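Trainee: Spelled out, the chains give:
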Amino acid sequence: MQVGVDYYPEHWDESLWAADIQLMKETGVKVVRVAEFAWSRLEPREGFFDFAWLDRAMELFHQYGLQVVIGTPTATPPRWLTTTYPDVLPVFADGQTFHPGVRGHRCYNSASLREYGSRIIEKLARHYSGHPAVIGWQTDNEFGMIDCHCKTCYEAFRSWVRQKYGTLENVNTAWGTVVWSGEYSDWNELTVPLGGSPFQNPSFLLDFQRFQWDSVVRFQKTQIDSLRRICPEHFITHNFHSYPQRLDMYAVGTDLDVAAFDYYPNTSPDKQETTPYSGALSLDVTRGIKRQNFWIMEQLSGSPGCWMPMWRTPYPGFIRAYAWQAIARGADTIVHFRWRSAVAGAEQYWHGLIDHSNVPGRRFAEFSQLCGEVNGLSGRLQGTVLKHEVAILHSHEQKAALDIQPQAQGLDYYENIKQAHRALTKLGIGCDVIRAGEPLDGYKVVIAPSLYVLGETLAEQLEAYAAAGGVLILTNRSGVKDSNNICVMQPLPGLLSRAAGVRVGEYDPVGLEVHTLVDPEGNSFECSQWCDLLTPVTAVPVAWYGDDFYAGIPAVTVNSFGKGQVYYFGTHAEERYWSLLLADLAGKYGVTRFAGLPDGVQATIRSGENGSFLFLLNLNRMPQTVPLPGSYSSVLCNGEIRSGELQMEAYGVEILELAE
Amino acid sequence: MQVGVDYYPEHWDESLWAADIQLMKETGVKVVRVAEFAWSRLEPREGFFDFAWLDRAMELFHQYGLQVVIGTPTATPPRWLTTTYPDVLPVFADGQTFHPGVRGHRCYNSASLREYGSRIIEKLARHYSGHPAVIGWQTDNEFGMIDCHCKTCYEAFRSWVRQKYGTLENVNTAWGTVVWSGEYSDWNELTVPLGGSPFQNPSFLLDFQRFQWDSVVRFQKTQIDSLRRICPEHFITHNFHSYPQRLDMYAVGTDLDVAAFDYYPNTSPDKQETTPYSGALSLDVTRGIKRQNFWIMEQLSGSPGCWMPMWRTPYPGFIRAYAWQAIARGADTIVHFRWRSAVAGAEQYWHGLIDHSNVPGRRFAEFSQLCGEVNGLSGRLQGTVLKHEVAILHSHEQKAALDIQPQAQGLDYYENIKQAHRALTKLGIGCDVIRAGEPLDGYKVVIAPSLYVLGETLAEQLEAYAAAGGVLILTNRSGVKDSNNICVMQPLPGLLSRAAGVRVGEYDPVGLEVHTLVDPEGNSFECSQWCDLLTPVTAVPVAWYGDDFYAGIPAVTVNSFGKGQVYYFGTHAEERYWSLLLADLAGKYGVTRFAGLPDGVQATIRSGENGSFLFLLNLNRMPQTVPLPGSYSSVLCNGEIRSGELQMEAYGVEILELAE
Amino acid sequence: MQVGVDYYPEHWDESLWAADIQLMKETGVKVVRVAEFAWSRLEPREGFFDFAWLDRAMELFHQYGLQVVIGTPTATPPRWLTTTYPDVLPVFADGQTFHPGVRGHRCYNSASLREYGSRIIEKLARHYSGHPAVIGWQTDNEFGMIDCHCKTCYEAFRSWVRQKYGTLENVNTAWGTVVWSGEYSDWNELTVPLGGSPFQNPSFLLDFQRFQWDSVVRFQKTQIDSLRRICPEHFITHNFHSYPQRLDMYAVGTDLDVAAFDYYPNTSPDKQETTPYSGALSLDVTRGIKRQNFWIMEQLSGSPGCWMPMWRTPYPGFIRAYAWQAIARGADTIVHFRWRSAVAGAEQYWHGLIDHSNVPGRRFAEFSQLCGEVNGLSGRLQGTVLKHEVAILHSHEQKAALDIQPQAQGLDYYENIKQAHRALTKLGIGCDVIRAGEPLDGYKVVIAPSLYVLGETLAEQLEAYAAAGGVLILTNRSGVKDSNNICVMQPLPGLLSRAAGVRVGEYDPVGLEVHTLVDPEGNSFECSQWCDLLTPVTAVPVAWYGDDFYAGIPAVTVNSFGKGQVYYFGTHAEERYWSLLLADLAGKYGVTRFAGLPDGVQATIRSGENGSFLFLLNLNRMPQTVPLPGSYSSVLCNGEIRSGELQMEAYGVEILELAE
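Residue numbers (the UniProt record's numbering), protein chains in the order written: chain A, 1 to 660; chain B, 1 to 660; chain C, 1 to 660.
Just so you know, the hints here were simulated from the structure itself, not pulled from any lab data. Since we're looking at a predicted model, the values are computed, not measured. Heads up, the beta-carbon is just placed ideally off N, CA and C, and yes, glycines get one too. Do not rely on the hints blindly, as some may be mistaken.
Claimed, not checked - Which residues of chain A face chain C? A partial, calculated answer using Cβ under 10 Å:
{"#": "1", "residue": "Y8"}
{"#": "2", "residue": "A38"}
{"#": "3", "residue": "L42"}
{"#": "4", "residue": "P77"}
{"#": "5", "residue": "F98"}
{"#": "6", "residue": "P100"}
{"#": "7", "residue": "R103"}
{"#": "8", "residue": "S303"}
{"#": "9", "residue": "C306"}
{"#": "10", "residue": "W311"}
{"#": "11", "residue": "T313"}
{"#": "12", "residue": "V343"}
{"#": "13", "residue": "V359"}
Claimed, not checked - Here are some of the chain A residues that sit facing chain C, going by a computed Cβ distance under 7 Å:
{"#": "14", "residue": "R79"}
{"#": "15", "residue": "G101"}
{"#": "16", "residue": "P309"}
{"#": "17", "residue": "G345"}
Please put together the full structure from these sequences, using the hints given.
Mentor: So this is what it looks like as structure tokens:
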């Protein structure tokens with residue numbers, strides 16, 4: 001467990017390097033990421049390589065005992081490359097080129113990018129494979145979907161489709177192209193979705209997304225193959241960023257040793273009620289990519305800004321508390337972005353730990369405290385992990401399909417996941433956020449929001465999970481589509497009907513309107529987005545609509561299925577309803593829970609051979625009081641004993657050792 | 001009088017056809033529209049025609065006694081056509097191509113579209129001219145203006161201008177191109193309005209609109225000529241949609257036997273105060289296209305959606321009530337869109353009568369009731385029509401000219417028509433909405449909002465109408481422009497000054513500001529948009545401004561002109577003012593009126609040889625009470641007698657026979 | 001001192017000319033601007049010139065004793081030119097052409113425009129150099145930045161960069177292109193900023209702006225060189241419009257004899273609290289371009305409109321009062337736009353003094369009164385100028401740099417200048433608004449908002465100003481960047497640290513949030529946008545933050561520097577705080593002030609050999625009372641004596657002679 005920084009030797013006069021690196025050493029920094037945007041320095045002209053400057057920086061890192069992760073520089077192809085080989089540049093749906101001068105200007109399918117990217121990566125890998133400071137690699141930087149529409153992608157997409165479906169007849173059937181006379185009679189009629197019209201065939205659009213996702217994975221695979229071959233001792237990671245991403249993070253993660261995340265929690269006091277929870281979800285999503293601990297490759301160090309107005313500066317304690325939050329949820333290394341704010345270029349106001357003036361200030365002092373704390377606890381926390389009894393299923397594919405065809409105003413796949421996750425987090429119940437389709441062993445409760453596009457394998461797995469005694473919570477818009485994004489010709493929830501024991505008689509896309517949900521005790525709750533009018537088959541109702549023409553009709557049901565229970569939410573209930581239900585389930589099924597958390601305070605447990613550690617974080621500008629259920633020793637404060645009402649200051653952090 | 005459905009045999013496995021058509025038959029469906037998007041099935045490859053599948057469907061329709069309308073498939077050119085002949089595709093003002101993969105991707109002037117469109121239509125026409133089930137044709141689908149900027153349109157526009165004006169000198173004069181040095185010195189300088197800048201010459205822009213309108217008419221004419229030649233026994237229609245449309249509906253309608261409308265009233269409860277009235281106007285506009293009864297070719301059957309969030313599901317009774325509203329205002333056939341929701345393609349969530357599951361539900365039951373009722377009353381209602389004493393003049397040209405040069409914030413030509421129409425409808429006064437220039441015989445009152453672009457013929461016709469005893473209501477922004485969209489050099493209302501007997505001294509575009517209007521009794525009303533400061537010449541004031549520097553200046557005048565009266569509204573008065581004035585005029589001139597309608601309830605009368613029938617429709621989620629002026633027999637309820645206070649349930653429908 | 005009109009002979013039938021010009025004469029019009037959009041009439045085809053029509057108009061002007069300013073017609077290249085030489089047309093960042101059919105469709109670097117523009121200008125100049133009516137020229141019309149991205153601009157920009165920096169190595173260093181691998185290795189990689197992404201290098205973007213500014217200056221210089229050579233007796237001006245403009249007005253102005261402004265104060269009553277002040281600033285900015293009196297080349301004469309909804313018509317008195325405001329702030333000639341509203345073309349609703357009907361009305365009568373008044377006072381006011389003791393520094397470069405990298409929500413360079421200027425104007429303190437870098441002799445107080453990009457010369461000048469006894473007010477975001485738009489590596493305010501005697505320890509971009517400022521008396525004020533946390537070095541605090549984690553930290557400081565005082569505002573204080581401080585400074589340093597002005601009333605003084613004249617203008621719809629400090633003779637009202645409480649009607653104007 002360690003703290004690091006992102007450092008760009010190429011941004012600074014070489015005379016500054018030694019002092020910078022010495023200060024890193026003194027502050028307790030252990031690891032540095034370098035070079036992910038340095039292609040033009042590493043290969044200033046085609047075929048002319050210059051690693052000497054990086055060698056000198058590496059020598060200094062090594063001299064001061066810092067370990068180094070090198071980023072492959074493909075996210076910023078240099079100008080000589082894009083000028084000579086313009087096929088590197090992506091093309092938007094409107095035919096416009098993604099021009100150089102920025103970053104991310106690369107088509108994942110470009111042959112030139114593959115060729116020249118591989119060459120620089122292999123050169124780098126060979127050069128640093130034996131360097132004593134180097135421990136690993138980051139592929140590219142923050143993969144994102146550009147949805148390139150260039151000629152290469154045309155061809156690649158056609159091949160992809162042909163490989164998937166074999167014949168045009170199959171394509172026409174799978175996509176239902178007969179609607180609006182869109183049938184293909186010749187392969188050359190098949191293009192990428194030009195023009196960007198939302199009126200295009202949704203099956204085609206989803207397959208185009210899948211193709212683009214695959215393109216990223218294939219692009220990364222080329223890099224990984226080189227790195228594994230040349231540097232078999234080094235680990236490989238990639239830094240994901242801001243969720244939700246239209247990206248198959250799971251497939252990208254499969255080829256990695258460890259996942260990483262770039263974590264920029266919002267500093268605005270206006271967001272302080274939501275930031276701790278959306279941040280917690282981001283971290284849990286990252287942990288779920290490979291279902292193991294992860295890295296933070298860029299951690300907030302100051303106010304972001306540049307092309308947008310700057311954010312608020314982090315409140316005192318904010319930087320440290322959010323770094324600890326990342327650790328509390330499974331990060332083993334926290335690399336801060338960045339050592340010092342850039343004085344040139346487009347990221348001048350994406351503030352680092354040290355300001356442009358190069359005078360370390362309040363934020364650096366806080367970082368320094370963090371380094372000391374992490375280094376002090378590193379030994380005890382090493383090897384600890386999070387173990388949970390609740391899982392939320394997450395799927396980039398559901399998000400993409402629901403974006404292609406918005407169901408109702410306000411119905412947002414990821415926001416709905418956020419709500420369920422927030423309810424759990426506020427209840428003090430830890431959960432994993434994993435890919436739909438992952439094994440579910442060990443989970444007492446599984447929440448599966450809107451399994452909109454649903455194949456038989458997943459449906460059967462969920463049935464088996466419930467039958468074996470699990471509690472499964474389904475929501476509206478499940479089982480609507482087959483894997484071709486075609487509506488199923490059966491009553492909803494389609495393939496989940498048997499498990500849910502319920503039939504959707506009809507539905508009402510109420511959108512932003514607020515409707516009423518009533519429970520058996522007569523309590524009223526708000527609901528919105530969608531109202532399935534439910535006909536229980538084997539299920540029993542547990543909530544009913546309270547208004548409109550369907551007042552009295554079941555809205556939420558539960559079905560005993562094998563040894564388990566399957567809940568079906570026909571509507572989007574407010575968080576309070578989720579909280580009551582989840583608290584009830586936690587009690588009934590003995591789910592571990594830290595009760596009594598005030599707003600903004602989060603609790604998680606990391607356990608391992610050295611013990612179990614309870615992290616309590618007050619991610620709030622107000623001091624908070626947390627009722628402790630027992631007496632514990634504070635790992636962070638020299639073993640001081642904490643019991644009764646724990647007073648936590650603004651952005652306070654406490655780590656308590658739990659008894660065996 | 002009959003009910004039908006839109007059915008797409010090509011969307012469904014052939015094994016479903018027979019059951020579908022049998023259920024149509026049993027439900028009381030009489031007519032089916034087919035094939036308007038089926039080009040790729042009818043001609044899967046260039047020159048290779050396949051009508052066999054449609055023959056089989058036709059055979060089933062015929063077998064079950066259903067009549068069929070065939071749509072010409074030109075709204076969705078197949079991919080082989082657009083790939084081989086890309087001139088089919090329109091080009092936007094920014095040079096972007098309207099790419100295939102959607103619908104409506106066709107340039108009305110494309111030579112290839114004309115050629116291949118004509119060929120498939122002639123083949124279809126010959127093939128089905130003698131088919132016993134086929135009764136008529138729909139041209140294309142929902143004509144709309146794409147304002148194509150392709151090279152063909154360049155050339156066609158030049159020819160159009162040359163034909164209209166003869167010489168460039170005439171063009172320069174007619175358009176006033178000298179302003180900003182825009183004079184043409186060579187025909188090749190004359191292009192379509194590239195770039196889409198709003199700063200372009202308004203005379204040029206209006207003529208470009210007229211050219212585009214003509215292009216649609218010419219495009220349709222080619223189709224109609226073929227159909228009339230080959231199928232002289234069949235009728236021809238076109239399905240117009242959502243008004244206002246930038247389209248010369250009247251010229252399109254001239255070549256048709258009957259007009260049709262695609263009617264999708266908004267299902268949102270938030271809109272329930274406006275939807276019944278904007279819907280009523282749409283129906284009256286459609287009836288005015290050919291001044292005769294019409295068809296609904298697509299009637300709302302469920303929640304629309306797909307590329308947008310879905311709407312609310314129709315409230316119980318909504319589907320039936322709005323179908324009856326269409327009949328009450330002149331529809332003779334109601335074709336519901338669509339039989340069953342599509343499971344594939346871009347329109348999956350534009351819900352049909354039956355859901356994807358193929359289990360008929362609540363909406364289908366309501367449709368079934370409707371079919372029974374219409375079939376039961378068909379004989380009595382056959383041949384009945386609406387006859388009114390009030391007309392509103394409508395003009396696509398005024399709308400286009402006012403869109404090119406917005407006069408004031410909030411001044412919206414069609415919205416102002418809506419207000420006048422709503423005032424009449426709430427008063428229980430039926431009216432016709434007809435093209436400016438139509439004969440006005442029989443009308444006691446004619447409302448002519450903003451005759452902004454005005455030629456002498458229309459001005460003279462209106463003078464003659466008033467002189468002969470009519471009541472004519474003019475509003476501000478009349479007589480401003482000549483037919484070249486050039487401002488007239490005379491005091492406003494220009495050519496209408498004599499009839500109005502008033503002079504606009506100056507004007508104030510007050511926009512969204514609310515100003516005050518005062519009547520002779522001292523009552524105050526809100527006014528907005530525009531304030532003409534009026535100087536009565538022969539007219540007398542009937543309302544004055546109540547504020548700003550023109551407090552006390554006349555705002556509304558009336559002029560005795562020959563045997564008639566001409567009102568001039570210098571400002572946009574609130575609906576309450578219109579209601580008082582129109583009620584007063586109705587009393588004074590004996591205009592038929594159904595008094596006492598509560599909000600949301602509409603009354604119309606259809607009369608014919610079989611009698612006169614009063615339709616009362618409660619288009620509201622609340623029950624309403626309607627005071628009946630006498631005692632009537634309910635045609636819908638077996639002749640039960642209704643008198644006194646008629647209780648109408650939510651979305652209730654009542655049809656009463658009026659005494660001779 | 002005189003009044004004029006913009007007149008377009010080419011827009012009107014020649015039969016109207018004589019009556020128009022005779023009426024001008026009778027009304028008191030002295031000067032006319034013509035021909036700035038008449039290229040297609042002056043040169044209808046390439047190389048075919050026709051000045052005969054203009055000769056006839058000129059003859060009439062001369063006959064009636066009117067003087068004429070001719071506009072060079074380059075703002076509207078004719079169609080034959082753009083068709084034959086399409087390089088005249090600018091290209092946007094997305095590759096789209098700026099199509100003809102509008103105005104301003106000209107690339108300042110186009111070789112064809114230079115060639116054909118020079119030719120028509122030289123022909124015109126030779127033709128009218130000796131004409132007795134002609135007195136001067138206007139270059140082009142309302143220069144604005146199009147930021148052309150055409151091939152010519154590519155090449156020109158490369159040359160400009162090469163000339164500025166010599167080598168690519170220097171470019172790479174100056175711009176810091178190493179960030180994101182943006183280094184140039186060959187000149188052909190250097191393009192204009194294609195694609196318009198905000199993520200581009202800010203140093204590159206600022207230099208591209210500078211290049212575009214220079215392009216305008218070079219373009220105008222070509223015209224001026226011709227005119228000076230051929231018409232040495234004539235003056236040359238240019239009509240600037242609506243500030244802020246991304247334009248180097250100062251460099252454009254350097255080559256002119258006199259600056260001109262097109263003044264369209266907002267007529268909306270909703271804006272009547274701000275329009276008088278933003279208008280005053282525009283006039284002061286214009287006076288500052290050359291630091292001398294100026295012309296209004298287009299003065300509001302009626303409601304603007306056309307491509308946008310029309311504005312309110314000017315309230316009675318508005319036209320006259322705002323013309324007097326322009327004179328009161330340094331205009332010596334007021335040319336009204338336009339004589340009569342155009343009946344054709346895109347500017348039909350940009351209303352002139354006379355309406356389309358050609359019947360002079362209320363607005364014309366007001367103009368007529370103005371002409372009489374100005375002609376009556378012309379002799380006495382001739383040669384008078386404004387002299388002030390306070391200056392605000394203004395810089396197009398700061399605005400551009402701050403637009404490239406927005407600092408915080410709500411932080412708007414020009415709006416912040418507006419606030420300081422409004423505070424002064426309401427206090428009755430006149431001020432000059434001049435280019436940063438201008439000599440500051442004679443100013444007691446200099447306000448220098450956000451000197452964000454700062455070179456040593458300016459920093460030294462300001463130090464010298466303060467050291468010599470001046471009061472200098474600096475604000476946050478000063479000294480942040482060097483002239484390459486690179487952040488300085490020193491504590492802020494960088495080069496101004498010594499003068500300000502303060503160090504910015506850290507900062508918080510609070511944006512739209514409202515925070516608290518507390519003065520020594522404990523009064524609270526709102527502050528927003530930005531909070532520098534100040535560490536006084538030699539300065540003393542004069543206000544502190546009242547909230548957040550920096551409550552109690554200094555927010556505003558003052559430093560005794562040499563004989564002067566330097567204030568530093570670490571935050572954006574509300575106007576009330578500025579008013580108190582400025583009033584205090586005015587008292588302390590004896591700055592001339594007209595105290596007691598009610599809202600909307602403005603006071604300025606013009607002085608010269610004939611005396612000093614106090615202009616009092618009520619730019620408000622309500623009558624106002626102004627306390628006069630003495631007894632004065634009214635120049636406007638035949639020397640009537642005014643004293644005590646001066647009652648001013650809505651839009652009232654008073655001009656009082658001040659004792660020597």
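Trainee: Which of the stated hints cannot be reconciled with the structure, identified by number in ascending sequence?
Mentor: none
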